[in-house]
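> Sequence:
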Amino acid sequence: MKQLVITILGQDRPGLVEDISSAILNHNGNWLTSNLSHLAGHFAGIIEVAVPAVHLQELQDALHGLPQLEVRIETGAHELPDTPAEQLNFVITGNDRPGIIQELAGVLRHKGANITHLNSKQQSAPNWGVPIFSAVATVALPTGMNKDEVVAALEAITSDLIVDIEDA
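At position 41 of the sequence shown the residue is numbered 41 (UniProt numbering), and the sequence of numbers has no breaks.
Please keep in mind that the hints were generated in silico from the structure rather than gathered at the bench.
Be careful, since some hints might not be right.
Stated by the list, open to error - Below, simulated DSBU-like cross-link-like pairs (lysine-lysine); rule was C-alpha separation at most 35 Å, straight line:
#, residue 1, residue 2
1, K147, K121
2, K111, K121
3, K121, K2
4, K111, K147
5, K2, K111
To be verified - Label pairs and their in silico Cβ distance ranges:
#, residue 1, residue 2, range
6, P142, H55, 16 to 22 Å
7, E149, N28, 18 to 24 Å
8, S120, E48, 40 to 46 Å
9, N28, P126, 16 to 22 Å
Glycine included, every Cβ here is placed at the ideal spot set by N, Cα and C.
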């Protein structure tokens, strides 16, 4: 079996996920994991698929043949770290401003942590009228790293940033 990571971008429309999933199923692929979003009228998705090597080319051709979509397909790598890292879900909330994702990512990189999943959004704060940033980030901490140290470093970015750890 070949592991594929497929990214798809295009104008959103009803039935799009069905078309993608049909192409995968009809070419002997197995949809494993995905993250799909509707953003500003566009569909953006990333999908992990397993497919028998003998059907790889026909699946790739079918996906690239889907109309009005940009499709990129990469072969997955199965490299596992020598020692498993601790995975934590950080829930981050604060006043929104340009550069907040870069600041968070920089602190985490400096601590040797890796962001493995990130969902973020901006919304209006009730009764305040100012935009609020919120994110859930799954982060792999290096062996021996104290999670409280990471939380403190993230909260030190600005006084209005709140960081909680959510149970996985």
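> May I ask which of the numbered hints given earlier this structure violates, with the numbers listed in increasing order?
6, 7, 8 and 9
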